[in-house]
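For the protein sequence lines, the chains are P and B, in the order given. The opening position of the first sequence corresponds to residue 458 in the working numbering, with each subsequent residue numbered one higher. The opening position of the second sequence corresponds to residue 458 in the working numbering, with each subsequent residue numbered one higher.
Hints in this document: simulated from the structure, not taken from any laboratory. Treat the hints loosely; a few may be bogus.
Unchecked claim - Heads up, simulated DSBU-like pairs for lysine-lysine below, C-alpha to C-alpha not over 35 angstroms straight-line: (1) P/K621 x B/K486; (2) B/K501 x P/K486; (3) B/K690 x B/K497; (4) P/K621 x P/K687; (5) P/K620 x B/K486.
Claimed, not checked - Covered by chain B, according to a simulated footprint, are these stretches of chain P (three or more residues, beta-carbon under 8 angstroms): (6) 479–488; (7) 539–546.
Every residue, glycine too, gets a C-beta built ideally from N, C-alpha and C.
One letter stands for each residue in the lines below.
There are 2 protein chains.
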Amino acid sequence: MTFLNYVKEKQEWFNYELEAIVNEFNSPKRLKESMLYSIKAGGKRLRPILMMAAYEAFRPIDKKVVHPAAALEMVHTYSLIHDDLPAMDNDDFRRGKPTNHKKFDDATAILAGDGLLAGAFHVITTSNFLHAEEKVYLVRELAQASGPEGMVAGQMLDLEGEKKSLSLQEMDQIHLLKTGELIRFAIRAGAYLGGAIPPQIEAIDEYATCLGLIFQIQDDVLDVIGNEEKLGKPIGSDEQSEKSTYPKILGLDETIKKKEWYMEKAALALKTAKVNHEILYDFIDYLGNRDY
Amino acid sequence: MTFLNYVKEKQEWFNYELEAIVNEFNSPKRLKESMLYSIKAGGKRLRPILMMAAYEAFRPIDKKVVHPAAALEMVHTYSLIHDDLPAMDNDDFRRGKPTNHKKFDDATAILAGDGLLAGAFHVITTSNFLHAEEKVYLVRELAQASGPEGMVAGQMLDLEGEKKSLSLQEMDQIHLLKTGELIRFAIRAGAYLGGAIPPQIEAIDEYATCLGLIFQIQDDVLDVIGNEEKLGKPIGSDEQSEKSTYPKILGLDETIKKKEWYMEKAALALKTAKVNHEILYDFIDYLGNRDY
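Between the sequences and the hints, there should be enough to build the whole structure, so can you do that?
Have a look at this one:
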């Protein structure tokens, strides 16, 4: 199976399961509609698919990974809803559709985000496919990755950084927290659930960290040289804002070199971990060379 | 020891532990300050103390209850921060101090709330005093009580209800979800951790449900006949708003009778459960007849 077929197959399976899970919440109509609106808005489902791929590196795919992957995507979706709010990034559109607060209102969007965040931990702890130790591992790691030492910390630093020019180190730190932590969780938790032993999880963790940075660097690159039609959003917006980006600090050539260096490092990390799952190697290329 | 001394002693112990727990988060300075600001803003610590009292009905108090109680207060605090936002209730003051978004800004307040919510689940799952089964129970029940079928559902219904006149049943439903669920969690989780068996937990659950309604009814009563100085806020604000309240629907006399009926029902539930912990009986009086 080609890599893109693999992704497509996993997306379809996961979308079906995710919608069913969120649909099960017995919530007031408007709250449920608001949560489902953003859950159904799509996206690449990168994090859940990475979790499944890491799982498959150690064990054939089964239902065990469904609830953790759904919880992860719920947390990612909550963060997008809150990030788009007028008080934060103030975005009216995401993936070509009105953002949650534009479709509903600010209050509903805040509550939909809160509901998805708390709901994610409910989904993990009520799963029939996980035993108690696994649930504790997943809640602890997901709360760590998404909470005040993880993604939320990254969002705080990102907001503060908008007004000043950042060093390369400061920018790496923001991305490692804001997007990197959930990507690390995806891969670590997938490997853990698949039965990886601790040294294997630590080795695959370096791969995950590189992948998060590759993803972000390519985001910055596409804002300079991307195709607006493929991206579905205007390019050059970073240039106009005061936001620090890799191309602004390093120049475009050095930024691309940096990305390629992380791509090599990610592949080496997999090799060192003796993880021979082709799909994980393919992800390096996919994220590093994507054009949308 | 008198009831008020009991409450004061527990408050002091708990405040010390809670601040230490939140202070341990390795978060960006501004995020940490914002979380600690609302955590330190005080309040009666009603929910954690109810949890401790329910625990003590079955076993002498010890450190086992500290992290669950802290997580509960973190969730309660996050809900106040988000509730006060301009997009929600738009309150500038709480307990005589500027609300979180007035002291910091809207974006920081959103993130502080998000951080406290995710952080609460981290506090439970990293506790050294709980085994895996207890952690799963606590995360599941807290996520249920605070999430899209619990407190967040209540907040959604509350917002929608502001614009129309509600039936008694609709108003009960909002309060059961918005404030009742966390109070139920406090008491159920305390009894569970203390070693109560399932039928005891179910019996004490009725006490908890009554307590939540007593709390809310007295809130409405105080807005009509309270002492502004003792309350620390102006009275009569419900009368001026379109908000549905018990006195508006039932009249003041019937409202007070309803409260007394729940107070008797709560005491009977304790008796039926054969829970002979005096402090739990005292709480009925305390919440039903409080003047602040």
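Here is what the structure says about each hint:
1. A threshold of 35 angstroms between alpha carbons decides the hint, and for P/K621 with B/K486 the separation of about 17 angstroms falls inside it, so the pair holds.
2. Pair hint B/K501 plus P/K486 holds up; C-alpha atoms about 33 angstroms apart against a cutoff of 35 angstroms.
3. The hinted pair formed by B/K690 and B/K497 meets the criterion: a straight-line CA distance of about 19 angstroms does not exceed 35 angstroms.
4. Taken as a hint, the P/K621 and P/K687 pair is honoured in the structure, with Cα atoms around 31 angstroms apart against an allowance of 35 angstroms.
5. With a C-alpha separation of about 16 angstroms, the suggested pair P/K620 and B/K486 falls inside the 35 angstroms cut-off, and the hint holds.
6. Check result for the segment 479–488 of chain P against chain B: holds, 6 residues qualifying (beta carbon to beta carbon below 8 angstroms, three or more required).
7. Restraint check on the segment 539–546 of chain P versus chain B: 4 residues with Cβ-Cβ distances below 8 angstroms, three needed, restraint holds.
Checked against the numbered hints listed earlier, the structure breaks none of them; every hint is satisfied.
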